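2 protein chains.
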Amino acid sequence: MSTRPVTRRTGKPGRPGYDLDSLLAVAVKVFNEKGYDGTSMDVLADRLGLSKSSIYHHVSGKQELLELALNRALNALFAATTESGSTEGPYIDRLKYLARRSVEILIAELPYVTLLLRVRGNSAVERRALARRREFDAFVTDLVEQAVREGDLDPDIDPALVARLLFGTVNSLIEWYRPRAGADADTIADAIVRMSFHGLGHTSA
Amino acid sequence: MSTRPVTRRTGKPGRPGYDLDSLLAVAVKVFNEKGYDGTSMDVLADRLGLSKSSIYHHVSGKQELLELALNRALNALFAATTESGSTEGPYIDRLKYLARRSVEILIAELPYVTLLLRVRGNSAVERRALARRREFDAFVTDLVEQAVREGDLDPDIDPALVARLLFGTVNSLIEWYRPRAGADADTIADAIVRMSFHGLGHTSA
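Chains as they are written, first to last, in the working numbering: chain A, 137 to 341; chain B, 137 to 341.
Hints are computed from structural coordinates only; laboratory data are not their basis. All figures in this text were calculated on a predicted structure; none of them were measured in a lab. There may be inaccurate statements among the hints.
Same chains, same names: a pair is fine if it fits in one copy or spans any two.
[Said to hold, decoys possible] Derived pair list, reagent style DSS-like, types lysine-lysine, alpha-carbon separation capped at 27 Å:
#, residue 1, residue 2
1, K232, K165
2, K165, K198
3, K188, K170
4, K165, K188
5, K198, K188
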């Protein structure tokens, strides 16, 4: 991809152009609104106020925009798995740490993670993203298994199911979280950890 | 919509045609694979092995197929809110009942609920569905508030957030549940109720 700056078709002096990051941000917004498969390069160009050829200065096409967006979300999530909170100490604490960090990442990278979680596997790019998601899920499942082994998690629920439910709860926030309306990342992370590990019941806190 | 039977374009004797239900089932499968906005009537006709005019015997178009599918999911969920398990007894039990019934409905009506949960509000049909989802969420939030009032739920978490997290966990199963692979509806419902109300911790069961 080129690093050449993109100028808007309207070309008004003083009006900022797009760098790759801001171009990607608009593309991801449109993908989330209309679905990736339902978004044409014409629609993208129209929303960006750019000609298609201006977009092609930056990326080879829609697929590359999708791959950049999905990797942004995946790289952030995988980075969290290598932090000391996820790799040191009792496994139950690593699991809580990763759940909490995932909430923060989902909120910080909301449009990118939203796109990632809606990927269906319709292309090689999407299938690579699904494979990396499975790798992340396997990391979480391993944390659950080790926490059971250490006696800190209920052994009667299948670890893979626990991993799915816990991160299902985390991931559900893409469906209802809206910036600047209601709870912040900390409040949501606290609530998820509290509900998932200690239960909603009044007496179990 | 007409109740006239649809015959396949291939028209081989003995080969079954589509009634509205089976036509809808195929359409919903395609919507889920390609996204509703990314699915044209031509694609639908091709997948059904029907001419477009054969589809138009049954429905006025893509929008009507979407509305029928979304209402099928919504009607099942709303029916559960009127069952005695959701309307009688301590509110904590009503909430557990509705969570459990929702798991059963999601699994029984998986493609329809999947479509419902991916609706973005791009048309009047989608906005009506979103309004009914908000009505369902309000019903759940009321159960949570009453359960807090009865002293059975942790009062320190915002009831609307509890409702979202609990049903976020339930709804997450559309992302990973596959029929005939792994846990059945009962096992999943048990795990969700156990995790959400009692916590995953070993000692809190």
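Verification of the supplied hints:
When the C-alpha separation of K232 and K165 is checked against a cutoff of 27 Å, the pair qualifies neither within a copy, at 30 Å, nor between copies, at 36 Å. Both within a single protomer and between protomers do K165 and K198 lie at most 27 Å apart by alpha-carbon distance, with minima of 13 Å and 24 Å respectively. For a Cα distance limit of 27 Å, the shortest separation of K188 from K170 qualifies both inside one copy, at 18 Å, and across copies, at 24 Å. When the C-alpha separation of K165 and K188 is checked against a cutoff of 27 Å, the pair qualifies only within one copy, where the shortest distance is 17 Å, while the shortest distance between copies is 32 Å.
For the identical chains of this complex, K198 and K188 are intra-copy neighbours only, at 11 Å inside a copy versus 30 Å across copies, given an alpha-carbon limit of 27 Å.
In this structure, the one hint that does not hold is number 1.
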